[in-house]
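S.K.: Just so you know, our numbering puts the end of the sequence shown at 367, numbered straight through with nothing missing.
Treat the hints with caution; some may be incorrect.
Unchecked claim - Computed Cβ-Cβ distance ranges for the label pairs, DEER-style:
(1) R236 x H107: 20 to 30 Å
(2) A86 x E294: 41 to 51 Å
(3) P269 x A344: 23 to 33 Å
(4) R315 x D272: 35 to 45 Å
(5) R236 x R104: 22 to 32 Å
(6) R331 x G240: 30 to 40 Å
(7) G353 x R315: 19 to 29 Å
Just so you know, the hints here were simulated from the structure itself, not pulled from any lab data. As the structure is a prediction and not an experimental result, all values here were calculated from the model. We put the beta carbon where it would ideally sit given N, CA and C, even for glycine.
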Amino acid sequence: MPVEPMGWVPPAPASASLTALPLHDEPRTVPYGSWCADEGTRECAPARRGDRLVTLVAHLSDLHVTEPRWSARGEITPKRVLGKLSWHLRRRHEHRPEVLELLARDLDRAAPDRVLITGDVTNQGLPAELREGGRWLDRLGGPQRVFLVPGNHDVYVPGSSVALAQAWARFPAPTADGCEPRVDVEGDLALVGVSSARATPPLFATGRVGRHARLRLERCLRRLAGGGLARVVLIHHPPWAGGISRRRVLEDAQPLRDLLARAGAGLVLHGHVHKTVFSETPGPDGPIPVVGVPSASALGRRGPERRARYHLLRRIRGGGFECRIRVLSADGTRFTDGGQCQLGGGDARSADR
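Make the full structure from the sequences, and use the hints.
M.R.: Given below as structure tokens:
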């Protein structure tokens, strides 16, 4: 349903001076109000970055502009050889750094409170790519603004998640081996990031959340419910199986949807499919919107629906979200208005509290 422009002006960024929760026997500090709900955690009350009534966030995904360069023999695997061939023949012509720079400039003008990135910053998760990707994350807002979950290209081969955690230590992200979900509170939003990224064999790009991570996610969503916050779940793979190749699906999509049906959420954001997707999944208080975006760097050579986009989202009175679409122009020189819509919210009951 279209909505009229509301004439909002984004507020100034909040301070990032925060104290994290103790997670283990001894407290540890996690920057920027984030924390990781490990298996022994009984509470789900992350630090709050801001107390604004309305928070503006930008959602983008699948940057894919880093060049896969091998610097050591141990970095070369059969999957990476095939992936580099794909990059040379196709991906480097579609995913362009100049497009991502145009997006970054448009993002500077929009001035969102947070920039939500649902994975695939890199192509193969190589050390050189992770360093280059870190520079792009700084360009898109830095640790104070960027909220990140990894994608399958970031966790490309076994051991990639460890390299990712080390290279992007300033950007804490949920990983398959110990730190998920990640939770931040920004104004009226609770941002809940969970990893679906797993190293897979060649020619596969499937994802999986995993049983233990789903249990922790459900506990967090339940504890965050009813506090006046809209719970926004970020994941790379979409939580559905239809309309996508079996080689690229989220393997435990149905258990994740069952979890959301029980615990609820206000909104689910994803990437991976390189298209704009507006769908929904059942929730205890009504359908939960599920929204995906195309690659943030795509020229759209395979069709205009794949041209780079990002979404500006804010919560609206009465529940739900306003979504404003920013899209790369047909001539590839700027980002323009791509329309707007109103999304129902699964957390509608707490909207006016």
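S.K.: Range first: 35 to 45 Å. Now tell me if the beta carbons of R315 and D272 are that far apart.
M.R.: Holds: the Cβ-Cβ distance is about 38 Å, inside 35 to 45 Å.
S.K.: Should the hint that R236 and H107 are 20 to 30 Å apart at their CB atoms be regarded as holding?
M.R.: Distance hint for R236, H107 is violated at roughly 46 Å.
S.K.: If you check the beta carbons of G353 and R315, does the distance land in 19 to 29 Å?
M.R.: 22 Å, holds
S.K.: Just to be sure I understand the hint, the distance between the Cβ atoms of R331 and G240 should be within 30 to 40 Å; is that true here?
M.R.: Given a distance of about 18 Å, which is not inside 30 to 40 Å, the answer is violated.
S.K.: Do R236 and R104 keep their Cβ atoms within the hinted range of 22 to 32 Å?
M.R.: 43 Å, violated
S.K.: Does 23 to 33 Å hold as the CB distance between P269 and A344, or does it fail?
M.R.: 41 Å, violated
S.K.: Quick check: does the Cβ-Cβ distance between A86 and E294 fall within 41 to 51 Å?
M.R.: Check passed, 46 Å falls within 41 to 51 Å.
In the structure shown, a violation is registered for the earlier hints numbered 1, 3, 5 and 6, in ascending order.
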